[in-house]
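Novice: Numbering (the UniProt record's numbering), first residue to last: 1 to 237.
Because the hints were derived from the structure by calculation, they are not lab data.
Incorrect hints may have been included.
[Said to hold, decoys possible] Taking CB as the label site, the calculated pair distances span:
hint, residue 1, residue 2, range
1, Leu221, Glu64, 38 to 48 Å
2, Gly197, Arg234, 15 to 25 Å
3, Arg17, Asp142, 29 to 39 Å
4, Gly172, Gly88, 34 to 44 Å
5, Gly197, Arg2, 16 to 26 Å
6, His121, Ala237, 23 to 33 Å
7, Arg67, Ser192, 32 to 42 Å
8, Gly119, Arg70, 30 to 40 Å
9, Met1, Glu169, 15 to 25 Å
10, Glu164, Glu219, 36 to 46 Å
We put the CB at the ideal spot given by N, CA and C, even for glycine.
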Amino acid sequence: MRLVCACRSETGPVRSRNEDRVLCRPEAGISAVADGMGGWVAGDVAARMVVDALARVPPGPLGEMCRAVRAALEEVNAALLQRSLVHGPSGSTVVVMVAEPPRYRILWAGDSRAGLWRGGHLSWLTTDHNLAGEAVRLGRMDDGTARRSHLASRLTRAVGVDAELELDEVGGTLEAGDRVLLCSDGLTGTLSDAEIGAALAEPDPERAADRLMAMAVVERLASDNVTVALVEARARA
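Turn these sequences into a full structure, and let the hints guide you.
Specialist: Here it is as structure tokens:
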């Protein structure tokens with residue numbers, strides 16, 4: 001099995017700068033999306049530090065890569081906290097996919113998401129680390145309502161916020177034809193699951209990524225930056 005990745009990132013028509021960053025290294029078994037925290041100082045710097053650190057994670061056995069990802073993000077977390085003493089607070093969400101096909105793991109902090117597209121169905125692998133996500137987990141709100149709630153902007157976890165970085169982790173086994181979508185909340189806050197699924201149904205991952213961006217940025221005039229990394233599993237010829 002081999003992996004291919006299509007990635008896109010747009011500032012959008014409302015924001016003045018893009019504070020998202022994306023990493024696509026399917027040949028090295030790692031892809032990621034980071035979303036710098038809006039309203040904080042230099043969110044783009046925080047997101048870039050996250051992605052740059054992940055880009056240095058060497059390929060290897062899945063367990064070793066997961067440990068390396070955690071170590072890299074903990075280092076960035078400490079650096080951002082130190083930087084905040086001089087420049088003010090800055091932070092970033094992160095969602096990372098590491099893979100040793102067919103096995104994969106997802107690690108994340110914040111509200112950037114990972115979803116699995118299999119057999120024409122999209123299922124989210126991650127839960128949002130924000131106050132709206134907490135309401136969903138407690139059964140007080142459904143996901144669609146949560147994504148539109150003002151509580152969605154209140155993160156409970158991110159890189160660069162707390163002395164101890166908490167990362168959640170899930171994993172599974174890929175099948176040929178599976179796609180894993182990593183995205184910032186600019187996508188999920190603009191498009192419904194049905195709309196995202198309609199774009200993911202495009203037969204080519206590059207076209208699917210283009211369709212997601214066109215729907216969110218051009219048709220819906222997304223109020224936030226929009227970033228996607230779409231990883232597809234293919235059987236080796």
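Novice: Note whether the CB distance of Arg17 and Asp142 lies within 29 to 39 Å or breaks it.
Specialist: 33 Å, holds
Novice: If I claimed the Cβ atoms of Gly197 and Arg2 lie 16 to 26 Å apart, would that claim hold in this structure?
Specialist: 24 Å, holds
Novice: Holds or violated: 30 to 40 Å for the Cβ distance of Gly119 and Arg70?
Specialist: 32 Å, holds
Novice: Is the distance from the Cβ of Glu164 to the Cβ of Glu219 consistent with 36 to 46 Å?
Specialist: Roughly 41 Å apart at Cβ, these two residues keep to the hinted range, so it holds.
Novice: For the pair Arg67 and Ser192, does the Cβ-Cβ distance stay inside 32 to 42 Å?
Specialist: The hinted range 32 to 42 Å holds for Arg67 and Ser192, with Cβ atoms some 36 Å apart.
Novice: Do the beta carbons of Gly172 and Gly88 sit within 34 to 44 Å of each other?
Specialist: Check passed, 39 Å falls within 34 to 44 Å.
Novice: Does the Cβ distance between His121 and Ala237 fall inside 23 to 33 Å?
Specialist: Holds: the Cβ-Cβ distance is about 27 Å, inside 23 to 33 Å.
Novice: Hint says 15 to 25 Å; check whether the CB-CB distance for Met1 and Glu169 agrees.
Specialist: 21 Å, holds
Novice: That 38 to 48 Å hint for Leu221 and Glu64 (C-beta), does it hold up?
Specialist: 43 Å, holds
Novice: Is 15 to 25 Å a correct range for the gap between the Cβ atoms of Gly197 and Arg234?
Specialist: 20 Å, holds
The structure agrees with every numbered hint stated previously.
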